[in-house]
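Let the sequences and hints guide you as you build the complete structure.
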Amino acid sequence: MDKRRERKIINLVALILAIMFLFPIYWTLLTAFRTEAQILKWPPSFLPVNMTLDNFREVFAHPQDTPVIKWFANSLFAAVSYATLSVIVSVLAAFALARMKFKFRDMYFKIILASMTIPGMILFLPNYTTVDKLGWTDSLIAIIIPGLASTFGIFLLRQFFIGIPKELEEAAVIDGANIFQRMFHIILPLSREALIILWVMNFMANWNDYLWPLVVLYSPEKRTMPVGMSTLQGKYITNYGPLMAGALLIAIPSIIIFLLVERYYVKGINVTGALKE
Amino acid sequence: MQKAFLLLLLVVGMLSTLVISEITLEYWTGFTGPDGKFMQELVNQFNKEHDGQIKVNMSVMLWDDYYTKLPISLASGKGPDVGIAHIDSITGLINQGMLLPLDIYEDTMNIKEGDIVAPVWKAVHNDGKLYAVPLDVHPLTFYWNKKLFKEAGLDPEKPPTNREEFIQYAKALTRDTDGDGEIDQWGTMIPVGWPNYFIWYSVFFSNGGKLFNDDITEAAYNSPEGRDAMQFLVDLVYKYKVSPEKVQVDADVDAFKRGECAMEFNGIWMLTSYIDVEGLEFGAGQIPQLGLKRPAEWAGSHTMVIFKKRKKDWDKIEAAAKFISWISNHSIEWAKAGQIPANISVINSEEFQSLPYHNNIAKGIENVVFPPFFDRYGDATGPIWEALNLTILGQKPVEQALSDAEEITNEILQE
Amino acid sequence: MSSLRLDNRRVLFCEVIFLRLKKVVPYLFLTPHAIFFGMFFIFPLFKSIFMSFTEWGLFQGMIKFVGFENYEKIFTAGYRSRYFWKAIWVTVQFVIYSVPLLIVIALLLALLLNNKKLKLKNFYLTAFFIPTALSATVIAVIWKWIMNNQAGLLNYFLSFIGVDKIPWITDLPWVWLAIIIPTIWWTVGWNTIIILGGLSKIPEVLYDAAKVDGASRFKRFIHVTLPGLKNVLMFVTITQVLASFGLFAQSQLITGGGPARATLPIMLHIYNEAFNPSRPRMGYAAAMSIITGIIILSVTFIQYYLFTHQRKVKRYHG
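Chains as they are written, first to last, in this note's numbering: chain A, 5 to 281; chain B, 141 to 555; chain C, 50 to 367.
Hints listed in this document are in silico derivations from the structure and should not be mistaken for laboratory results. Here the structure is a predicted model, which is why all the values come from computation and not from measurement. Don't take each hint at face value.
Stated by the list, open to error - Once the Cα atoms are required to be at most 30 Å apart in a straight line, the calculated DSBU-like pairs of lysine-lysine come out as:
hint: 1; chain 1: C; residue 1: K250; chain 2: A; residue 2: K7
hint: 2; chain 1: B; residue 1: K462; chain 2: B; residue 2: K269
hint: 3; chain 1: A; residue 1: K74; chain 2: B; residue 2: K195
Here it is in structure tokens:
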């Protein structure tokens with residue numbers, strides 16, 4: 005095939021696909037800034053003319069049952085807390101499994117491996133009753149702590165730690181460094197990127213979680229953004245203006261955060277894929 | 141000496157008012173729609189009038205969430221003190237041990253038998269005790285577009301009153317308005333899903349049908365009355381062709397707002413959002429008698445209840461009773477949210493009668509039929525919803541759909 | 050003389066303590082994870098089995114032991130059993146319909162992005178990948194509006210091809226697309242990146258060798274690209290199937306499981322039963338979760354076996 009023509013076709017196809025992928029977001033944006041009359045108009049128009057902020061005003065006007073800002077704050081607090089705590093827990097466990105020798109090391113790792121095959125569905129209800137018994141329902145603790153049982157991070161970091169050449173540490177040991185010094189001054193600086201990746205992936209997973217927060221958080225002001233979206237859906241039903249405005253408000257932080265961390269996120273997914281080989 | 145004693149008394153008095161602090165009540169509702177605004181204003185006014193004594197905190201969530209979280213939160217000691225209960229949920233809540241009987245407060249709450257719409261009065265009593273204070277009755281309402289009536293040569297002030305008239309009017313109102321060969325104005329719209337069950341129910345009871353047998357062990361709706369009611373709705377779509385096929389839930393609402401659907405069935409709760417549409421000239425009133433025996437319509441009712449908590453706080457309970465009776469006395473304000481008050485005296489008041497649309501809709505209240513309420517009512521009637529959806533989609537014939545539903549209902553009832 | 054011995058002993062003592070402490074340190078490192086893992090993984094695993102043998106009354110805190118009754122409800126004839134197996138079948142259908150699409154489309158997109166003639170690769174990568182940053186609920190709401198029967202975008206575009214307004218959310222078979230299309234938009238970016246990573250690991254020399262042998266583009270794809278992606282494709286398939294079994298938000302928010310349970314997946318059914326407002330049935334829901342979990346485990350193992358077995362066979366035949 006003619007090389008030039010091929011280049012044109014490939015770039016054209018990519019452009020069309022990109023437009024198709026981004027169009028729903030653009031459409032949501034348009035609808036969010038339109039009046040009901042414009043929204044119901046048929047055939048619809050695609051130009052951003054005659055914009056209005058009324059839908060956004062409407063969404064923010066009901067802190068009683070739809071406190072959007074509170075939702076954002078809750079999501080942010082929970083995701084940051086979870087990501088940070090999870091990384092710490094994973095680092096400690098992964099370091100022990102990768103670098104220390106002790107009796108139950110291999111057994112613990114095998115248990116972790118086995119646990120990754122168990123479908124999470126089985127744990128869902130009993131974890132719910134546990135959280136309820138502990139009195140954690142309707143508080144952000146319920147969406148931060150239980151997730152710390154996750155083994156994904158340990159798996160990731162252990163592989164990474166094992167990959168760090170032992171000679172570096174041996175030199176430090178000769179110099180008289182103890183375990184903590186080895187960890188903080190050698191392993192961690194080298195793993196910086198892996199740690200950031202893990203943090204980012206944990207953050208995004210917690211931020212977008214729906215089913216679990218839906219079940220454990222029930223007061224409107226305790227909810228997170230994904231659950232808030234379903235609340236808005238139940239409230240506005242066919243009132244598409246405020247509904248899309250709400251969707252946009254909930255989507256934008258996700259998109260911004262995503263663009264900031266995309267680099268790490270992409271690397272993280274690649275690493276996960278590579279691990280399985 | 142005396143002065144010192146008086147001073148001491150004053151100080152003690154002041155300190156004691158600090159001790160008798162404000163009582164805070166947690167009040168949960170599911171009013172996420174426009175009616176929520178009205179309830180919030182009522183709560184604000186109550187708080188203003190009772191500043192320093194009682195403060196009510198209202199939490200709003202979706203009804204599904206509300207009924208899910210209620211038992212969970214009460215069980216863990218965190219739930220609300222006072223809340224809303226739909227009239228068909230009361231039995232379930234009582235059976236789960238969640239409601240406080242209110243008979244000791246009947247006098248202070250000023251609730252009299254003659255003043256409450258009769259079927260509602262019966263439904264809020266269990267074992268002879270009062271468990272809930274009715275707030276409103278919200279019937280299925282008949283909405284019609286007056287402008288489209290005029291255009292079709294029909295009298296906009298005379299909506300259809302029985303089945304033949306309804307079909308006649310619907311046919312006249314189903315037209316191709318722009319001459320492109322496609323119908324773009326429909327006489328009515330029967331959606332696949334909410335709230336079609338209420339429409340079926342109204343026709344069914346209008347036929348004189350019964351949902352269950354007397355001791356609620358068997359379904360009784362797979363009867364000529366039930367089949368006729370369902371077939372009527374199916375025929376509107378496929379035989380008389382006055383409703384489009386496969387109408388998406390709420391598409392009827394959108395179409396009514398746009399002037400593309402001439403007659404619509406929906407709850408009275410849609411009233412305020414139709415009022416908000418500029419240029420929509422419409423009428424609202426009772427459901428025409430679409431069955432063969434008598435006029436009948438579906439209605440729900442919101443009631444207020446006090447929840448049983450693990451530790452009985454009598455101060456809070458008394459404050460809750462005060463709150464409930466205050467709201468009940470101000471039900472005219474609630475009516476403006478698009479509800480019919482449960483108090484007959486309020487219905488008959490001048491203020492209510494002067495509200496646009498409401499008094500017309502209220503005329504249908506005497507035809508309201510409540511089904512028997514028991515805690516598995518929701519589960520037992522679920523199969524009817526499914527059957528209705530399948531027949532309106534044209535996927536199952538009416539006889540088979542109702543038989544299949546009857547089988548499941550019987551299983552549920554006999555569990 | 051004696052003081053020296055005292056010092057020696059003290060040093061020995063400290064060393065012993067130090068060594069003992071050293072032994073404990075690894076366990077200290079593991080403790081945080083072990084606590085959470087024990088509480089929220091091991092414990093619930095057993096608790097769920099226990100729950101499945103009870104009628105777990107939420108409110109009264111009553112736990113009534115009912116033996117195998119919950120399992121009977123699943124396996125003996127009755128409406129409960131029908132609802133359960135229908136939900137399983139719906140979920141399996143979703144897996145069958147969506148996973149191949151998710152892999153094939155991701156593969157095509159990855160090939161596109163990998164093409165050297167593409168400019169602005171990062172821009173396109175981001176464009177395909179952004180939807181994965183959104184929550185399932187946002188996806189559902191956005192697409193429900195796009196697929197609106199009367200005024201939705203999709204039907205508008207279809208009207209150009211002369212297609213009548215499709216009732217996406219109301220009727221079969223369209224409801225399936227109403228669930229699958231948003232899912233693809235949402236998830237395909239994830240798979241694309243993994244496959245892209247896999248593509249980049251295929252050594253260039255293999256392609257060069259094939260070109261020298263005179264292999265066409267298509268042949269190169271079949272004999273170099275696909276085998277090179279074997280591991281990655283296996284990983285993507287297994288994880289995608291696993292994730293698809295958890296279908297929840299799209300059904301709950303777009304189709305409501307309709308019409309008449311045609312798109313009601315098992316996770317939604319379990320949720321509805323467990324948190325049923327008039328009568329929460331957690332025990333029964335726990336039993337359903339366990340049976341479903343066993344089904345999922347079996348499917349995963351079968352897949353794994355098929356993939357690895359195939360590789361062995363291929364190696365044998367050279």
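Verification of the hints:
Among the hinted pairs, K250(C) with K7(A) is consistent with the structure: their alpha-carbon atoms are about 25 Å apart, no more than 30 Å. Distance check on the hinted pair: K462(B) and K269(B) sit about 19 Å apart at the alpha-carbon level, within 30 Å; holds. For the hint pairing K74(A) with K195(B), the CA-to-CA distance comes to about 22 Å; that is within 30 Å, so the pair holds.
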